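Trainee: The primary structure of each chain is shown beneath.
There are 2 protein chains.
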Amino acid sequence: VWDSFIEHKTIDAIMNDKGLAKIGDGLVNFCYSLAKSAVLGVATGEKVRDSVLAQAIRATPVYRKIGRRTDAGDAADAFEAIMAYLWLAQKITIEEFVKLLIQNFEIDSKTSRKKEDLAAAHAFQIVLEEYLKDLPQ
Amino acid sequence: VWDSFIEHKTIDAIMNDKGLAKIGDGLVNFCYSLAKSAVLGVATGEKVRDSVLAQAIRATPVYRKIGRRTDAGDAADAFEAIMAYLWLAQKITIEEFVKLLIQNFEIDSKTSRKKEDLAAAHAFQIVLEEYLKDLPQ
Chain C
693 VWDSFIEHKT
703 IDAIMNDKGL
713 AKIGDGLVNF
723 CYSLAKSAVL
733 GVATGEKVRD
743 SVLAQAIRAT
753 PVYRKIGRRT
763 DAGDAADAFE
773 AIMAYLWLAQ
783 KITIEEFVKL
793 LIQNFEIDSK
803 TSRKKEDLAA
813 AHAFQIVLEE
823 YLKDLPQ
Chain S
693 VWDSFIEHKT
703 IDAIMNDKGL
713 AKIGDGLVNF
723 CYSLAKSAVL
733 GVATGEKVRD
743 SVLAQAIRAT
753 PVYRKIGRRT
763 DAGDAADAFE
773 AIMAYLWLAQ
783 KITIEEFVKL
793 LIQNFEIDSK
803 TSRKKEDLAA
813 AHAFQIVLEE
823 YLKDLPQ
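In order, the protein sequences belong to chains C and S.
Read the first sequence against the working numbering and you will find it ends at 829, with the numbers running on by one and no gaps.
Read the second sequence against the working numbering and you will find it ends at 829, with the numbers running on by one and no gaps.
Derived by calculation from the structure, the hints in this document are not laboratory data.
Computed from a predicted model, the values in this text were never measured in an experiment.
Take every hint as true, because none was put in to throw you off.
Because identical chains cannot be distinguished in the list, a pair is counted as satisfied if it fits within a single copy or across any two copies.
Each computed BS3-like pair below joins lysine-lysine, with the alpha-carbon atoms no more than 27 Å apart:
1. LYS802 to LYS710
2. LYS791 to LYS739
3. LYS739 to LYS806
4. LYS739 to LYS783
5. LYS739 to LYS710
6. LYS825 to LYS783
7. LYS825 to LYS791
8. LYS825 to LYS710
9. LYS739 to LYS802
Chain C on its own, in the form it takes in the complex (with noise of 0.2 Å):
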């Protein structure tokens, strides 16, 4: 079923396809749902703020690849969109995904918003860095 959706042969292409992004945008909501809620130990979610996908990206070499300029919304889509061709391509499960967030993801119920949003951009930097070994070369 997916097929059509996952058949570029650049990263660049997967980086700018803006349906992958709106795909992509609901898987890592959903998964960053899962993994806030297992480190709180309380059921909770709430949108991802383009910033700290924007922010996760940036630290990461294949953000050069993307060959334009960005804002945080573009970036943002960016990385949404190459999560959202590993999920389809199989090379990422839900339950892999958040694992590696709940591994890196350091806050408590104490921590404020603004640095929930750094820990948050360092779990999704990493997550990334895992999977890029599964992109086109």
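Starting from the structure of chain C, add chain S where the hints point.
Mentor: Just chain S now, with coordinates in the frame of chain C:
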């Protein structure tokens, strides 16, 4: 990891769990994005309206058990909480959820937003009906 989130003994306890609803919000939006993308053949995604999920759950017998008056937001939360419960309890997979939505989601690229919402409510209703047997009785 998720055991403490799904200790409910009754369906109404699930439907009134606002934490589960937050996790379910991400799950439902992700699955809807995947199903709509598959049906239209174009990667896409947007948030499902509360009114759609409210219509879906109000059309099933389980809804009477919520035990209080609800607006569309509360009814949608109940739907989302149930889907989160089913997924966390490993009663349904993303793949099964999306497959059932696709099979019952009759839209094309020319469908109006209003008719899409009706079609989506119908598809979500069928998913819920199919899995009611897996909830605490």
